[in-house]
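Produce the complete structure using the sequences and hints provided.
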Amino acid sequence: MMLMPPFTLHHPTSVDQACALAAQLMESGEAFDWVAGGTDLLPNYKWHINTKPHVISLARIDGTSTISAQELGCMVRLSDLTEENGVHPVIVQAASKVASSLIRTNATLGGNLCLDTRCFWYNQGEDWRRSIDWCHKADCGTGADCRVIPNQNTLCVATYQGDIAPTLMVLGATVHLIGPNGARSLPLESFYQLDGMKKNVLEEGEFLLKVTLPDDAANRTGSYQKLRVRDSWDFPEAGVAASWVKGDPSSLVIATTALESIPRCHPEEVASVLEAGWSGSESVKALSTAVQKSVKPVNNTALPPRYRRSMVRVLTKRAVQGLLE
Amino acid sequence: MSGGYRQQPGGAGKVTRKDGKRVAGKQAFPPPGSGGSKPEMAPRDLDFIPEMVGGKEAQPAGAHVHDRARTGTTVGKPTALVDSNAKVTGQAWYGDDVRLSNEVIGKILRSPHHYAKIKSIDTSKVEALPGVLAVATGADSPHQFGVLPVTKDEHAMAVEKVRHVGDLVACVAAVDEATAMEALNLFEVEYEVLEPVFDPKKGLEDTDEPIHWRGKYHLARTNVQKRVFQEFGDRSLVEKPLASSHGKWNMAGVHHGFTEPHAVVAHWDPNGRLQLYTPQQVPHYTHRALATVLDVPMHQINVIRTFVGGGFGGKSDPFPHEMCAAILARKSGRPVRITFDREEVYWINRGRHPSHIEVKMTADEDARISGFDIDALIDGGGFASFGHVTSYYNGVLATAPYELGSFHYTGARVWTNKPASGAMRGHGAVNTRCAVEVGLDEMAEQMKVDPIDLRLANLLPPHSRTISGFRITSNGMREALEKVREGSNWDDKFRQMPLGKGIGIGCGFFISGSGLPIHWDPNRFPHATVHIQVDMDGGVTVHTGAADIGQGSTTAVAQVVSEVLALPLEMIHVRSHESDTSPVDLGSYSSRVTFMNANAAIRAALEIREQLLKAAWEILGYHPNNLVLNDRRIYYKHDPAIGVSYLKALHKAQEDKGALIASGAYRSPPMGGVHKGAAAGLAPAYSFSAYVAEVDVDVETGMIKCTNVWAAHDCGKALNPLAVKGQIIGSCHMGLGQVLSEKMVYGRTGHLQNPNLLEYKIPSVHEMPHVEPIIIESCDPEGPFGAKEAGEGPLLPILPAVVNAVYDAIGIRLRDLPLTPDVVFKGIEKGMKAAGVDDPLDLQAPRVEHGSLQPVLVERAAEHKIRDRARQRSEDTDPYVNGVLFGFDPNIPLEDQVEGWRMATEPDPEQLAALGLAGKAWLKKEQRHMGGDE
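Protein sequences, first through last, are from chains R and F. Mapping the first sequence onto the working numbering, position 227 (from 1) lands on 227, and the numbers just tick up by one. Mapping the second sequence onto the working numbering, position 478 (from 1) lands on 1478, and the numbers just tick up by one.
Treat the hints with caution; some may be incorrect.
[Said to hold, decoys possible] Not close to chain F: a few residues of chain R, all C-beta gaps over 12 Å, as computed:
#1 Leu194
#2 Lys198
#3 Pro214
[Stated by the list, open to error] Simulated pairs of lysine-lysine, DSBU-like, Cα-Cα distance not exceeding 35 Å:
#4 R:Lys296 to F:Lys1924
#5 F:Lys1705 to R:Lys293
#6 F:Lys1501 to R:Lys296
#7 F:Lys1705 to F:Lys1077
#8 F:Lys1087 to F:Lys1705
#9 F:Lys1826 to F:Lys1360
#10 F:Lys1637 to F:Lys1657
#11 F:Lys1248 to F:Lys1676
#12 F:Lys1216 to F:Lys1924
#13 F:Lys1087 to R:Lys46
#14 F:Lys1240 to F:Lys1833
#15 F:Lys1077 to R:Lys199
#16 F:Lys1501 to R:Lys285
#17 R:Lys46 to F:Lys1705
#18 R:Lys293 to F:Lys1077
#19 F:Lys1117 to R:Lys46
#20 R:Lys46 to F:Lys1676
#21 F:Lys1202 to R:Lys296
#22 F:Lys1360 to R:Lys285
#23 R:Lys296 to F:Lys1201
#24 F:Lys1614 to F:Lys1201
#25 F:Lys1125 to R:Lys52
#26 F:Lys1119 to F:Lys1652
#27 F:Lys1657 to F:Lys1614
Calculated directly from the structure, the hints in this document are not laboratory data. Model, not experiment: these values are computed from the prediction. C-beta atoms are modelled at their ideal positions from N, C-alpha and C, and glycine is treated no differently.
So this is what it looks like as structure tokens:
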């Protein structure tokens, strides 16, 4: 059903106003969603997935479009993440691979980081979901089971399919959240939280205001590798980001996306390879295998999990290829 | 004067400004057609007049019966489609663009179950909802319909059972969409869930509750809707093969993926007639089905075909939602509009059948193809649709372009609890063609010969008969193969490129119009009729029922009329939208429109031309044989100064009778065999094509990128080369989707997992290779100006060309379509195991060293080339039937000269045990032979 369900759209113009509005809605027990570019939320609304009566837009809040090497506001459009704007090349690489150019002109950095997790059994129209008797993530009050892995009613295994998060992770980004209960900052790595329904640490009424990068991020180089069927507009089926300080393997950081419910870094796998001593292509091989073994994709995207997992090895190898030069 | 002659009488008004421009409203209107804004007659365009009638257009394939009707006006010239302005300015009215005053919105309640009995439907709450104007269920529409008269198994809404998730259960009309959607939640339906069948192999087995019941014709208690057996030729030829190929294919179902979702508006006008607006490829069948379902005579229904936003076969069935809209409109007394969401489009489906295809083939010591043995089990989903025909096409359309020693086909179509499969571009021929062409590639490799030479030395010539009795007329297969070989630089690339780079060949063969009009006797009624009317203004109105679905049939009809009458295209107005005004036409399927409709249009235009020339004769005193029809002027052949304007001649012709009217029709000639199923695949002409594709395969990921395609298609004569090239490129796009990324994914629970355009992966412009369209013109003797189809045939070769190219790149034969990266990677892993390597980059690309058969084939191909040219130009008119290559005499029936020559449509009892997967359907008996006839 493609008819958008009705909702009230709010347009706060300052962070304070936004927080006050959120607090007010929470107090009156009214559910709401935040919307930035709308390219993720609105298609789901059209499919009648977890719709809310209120939607608060971040679009008119002052200062949310800051763009520099050190700071990226939540409303920065993906199409503005360019090297000309001083954005780190690895982020640019990932951003340029998100969806299609049309969507990138609307989609935002904040929206991409807070992307809803995706699943074959979830991103469907209402009639379709009725035919499977709903699912855990959008159970319509039925307490439905997970359809990917049945008979486990505790976890949602929907997949996080954002491209930009792993690149920000390997550059050491910090996210800044704000809400009625005040502001807080934390490393992007700790922002994401299992499971596919919880997705991240954002509490009710809280939203992601901006991302900052450490000064030394500029010294890092790296790469983002994306697996997808079509080079245009497909979500990643697997993604691997890597960064390092030029000529220094010990500085290597690797993060993966689109393989589990959250994107994450792989410090243990990197450490174990470095411990054995860096030996060029042999180490790359060991590292690729270690990262591959550490991820557990499930069958809820276009390509089968076994294949996606196999490809993590290839993507990792390609992501760190620059380290061998 | 630029070689032109001033129109006359023309230019009556002389009111002009000093600067020479006209003054609006002040000038006498010049008689249209006598010049208008183009007062000069254009000179004859000799480049587009055939050499046989004095022009400069080369005719290597010989003369054509329509040559004398050529005027050099539009035929053969790249022409923008006549409806393109409406489309690019957004003014074309597609299904959902129809807005009638007072309209209400219809929505359909769909089954949440794969298979269930409907025990009861309570609509009382729905009816009580304010804003709801009408509710209908299966009880309102007991009459069955279906696109084929032999398999009417559909209802407007489920009557007893629902047969797949998304099957129609009930419908509601309400004042707006939100109310209609709310109403859907108020239906109370009680179901008794039944055990569904998803696997077509299971469909061959007996079951308690078959999805449909055909009474005494039902095959035991299975879900087999149709079984086919066909065997021709000398089966002893396959016994000692020099080479053989045996491939088991698994092909996923694919959908047309047209842009416009289905939409319909129904309105009962004040006189009680139904006006139904729908984007249909085949409005006439909808017309018939509506009459049946609504119990209203056909003359009380006007079917209005809106612009069609892509069809490809997916809008050629009469659809249940069209019936629903009509029923709701009748009940509510208001116009009702129903527009589908994308997931509803996938649920109504009619896409290409998911198929299990097994092909065995053999070649003898002379590298002749001694046998094709094809078994096709196709998954029909919940309804019959076109499946009866598809069951035949999967076999019989593989009987050309090659000469075969024998042919054996078993096919079965089974019902499953999935959305119904149906006709899709290249109907029934695509999957088997892919399997056959890949098999040939494999045999060529075994025989150490070039696969193109293997094909060139085994082609049926023009004007021949296939092993199953199809009459081949023009045949440009050889030229197509030669052109792509040359264009792609094949001889420097094949089996010579590094690992990961490959090149492959594939051919195609397709009908140019189904020879049998399924609703009537072809010997009594025509396939197509066209009416032309020319009134005093000189404009030509053409009435045709041909459904333009974007392929440009309206333009083709306008072009041929414009060509015959030598009038600019702007003066031809095609009216094809309404059944009230259009003569009956079977619609846009089986690639019939240009061939049949343009032929009918030429006939009608010739009649008008005759009347014009007769009038000119009376004015000028020269016999029509000495008159030339050129741009809005008719003149004496030997002195162009002596002439008369088109309009003057027209008015002369109109004296005493007013507007000129002519009717033209097309009927196919008698043809084909008499065996059961002989009509399936019969066509008045066939198209041929050969493609070479080049691919890059990432051996580490299995990702395939098709980089270049050389695509040669024999369309007889390109009436509009721009449209033909568009069809070729579009076909490549669609075929690439099927071979590389598109599939309807049915998951663990049998649900269609990807009913949307994000997860149903149609290639985007980024995935498109460079396509070099090559038009081959074999000048078909019966086609309009020599033309044959170009809409479906060009899709066929791209699949095998890509699969063969992937083999050339990585040395691995893959037979699971689509070749998504995971499928390719799985193949690569197997290949690595077989080769004993750990790194895919260490795999070896295949190489070839030609054996002793290669020069034999080259020599035979060269001889055949001379043979074919003589036959094509009718310099050699001796009969040629499949079998001559094997030494048989074409003048004596084959069964009289070959012991064991078979022509069978049922298996011999001793064959039963050895039949393939689909062939197992022949182990079952029909109810009437089982003693039961329930």
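Each hint, compared with the structure:
1. Leu194: holds, 24 Å
2. Lys198: Non-interface label on Lys198 of chain R holds, nearest chain F Cβ at 24 Å vs cutoff 12 Å.
3. Pro214: holds, 33 Å
4. R:Lys296 to F:Lys1924: violated, 47 Å
5. F:Lys1705 to R:Lys293: holds, 28 Å
6. F:Lys1501 to R:Lys296: holds, 33 Å
7. F:Lys1705 to F:Lys1077: Answer holds: Lys1705 of chain F to Lys1077 of chain F is near 34 Å, not above 35 Å.
8. F:Lys1087 to F:Lys1705: holds, 32 Å
9. F:Lys1826 to F:Lys1360: holds, 24 Å
10. F:Lys1637 to F:Lys1657: Holds. Lys1637 of chain F to Lys1657 of chain F sits at ~29 Å (cutoff 35 Å).
11. F:Lys1248 to F:Lys1676: The given pair, whose Cα atoms are some 27 Å apart, holds under the 35 Å limit.
12. F:Lys1216 to F:Lys1924: holds, 13 Å
13. F:Lys1087 to R:Lys46: Given pair Lys1087 of chain F, Lys46 of chain R holds - Cα atoms ~27 Å apart, limit 35 Å.
14. F:Lys1240 to F:Lys1833: Distance of about 32 Å is within 35 Å: holds.
15. F:Lys1077 to R:Lys199: violated, 60 Å
16. F:Lys1501 to R:Lys285: holds, 25 Å
17. R:Lys46 to F:Lys1705: holds, 34 Å
18. R:Lys293 to F:Lys1077: Violated, at roughly 61 Å.
19. F:Lys1117 to R:Lys46: Measuring from Cα to Cα gives roughly 31 Å; hence the hint holds.
20. R:Lys46 to F:Lys1676: violated, 51 Å
21. F:Lys1202 to R:Lys296: holds, 33 Å
22. F:Lys1360 to R:Lys285: violated, 43 Å
23. R:Lys296 to F:Lys1201: Roughly 33 Å between the alpha carbons, so the hint for Lys296 of chain R and Lys1201 of chain F holds.
24. F:Lys1614 to F:Lys1201: violated, 66 Å
25. F:Lys1125 to R:Lys52: Status holds; Cα separation ~26 Å.
26. F:Lys1119 to F:Lys1652: The given pair, whose Cα atoms are some 71 Å apart, is violated under the 35 Å limit.
27. F:Lys1657 to F:Lys1614: Status holds; Cα separation ~15 Å.
Comparing the model with each earlier hint shows violations of hints 4, 15, 18, 20, 22, 24 and 26; every other hint is respected.
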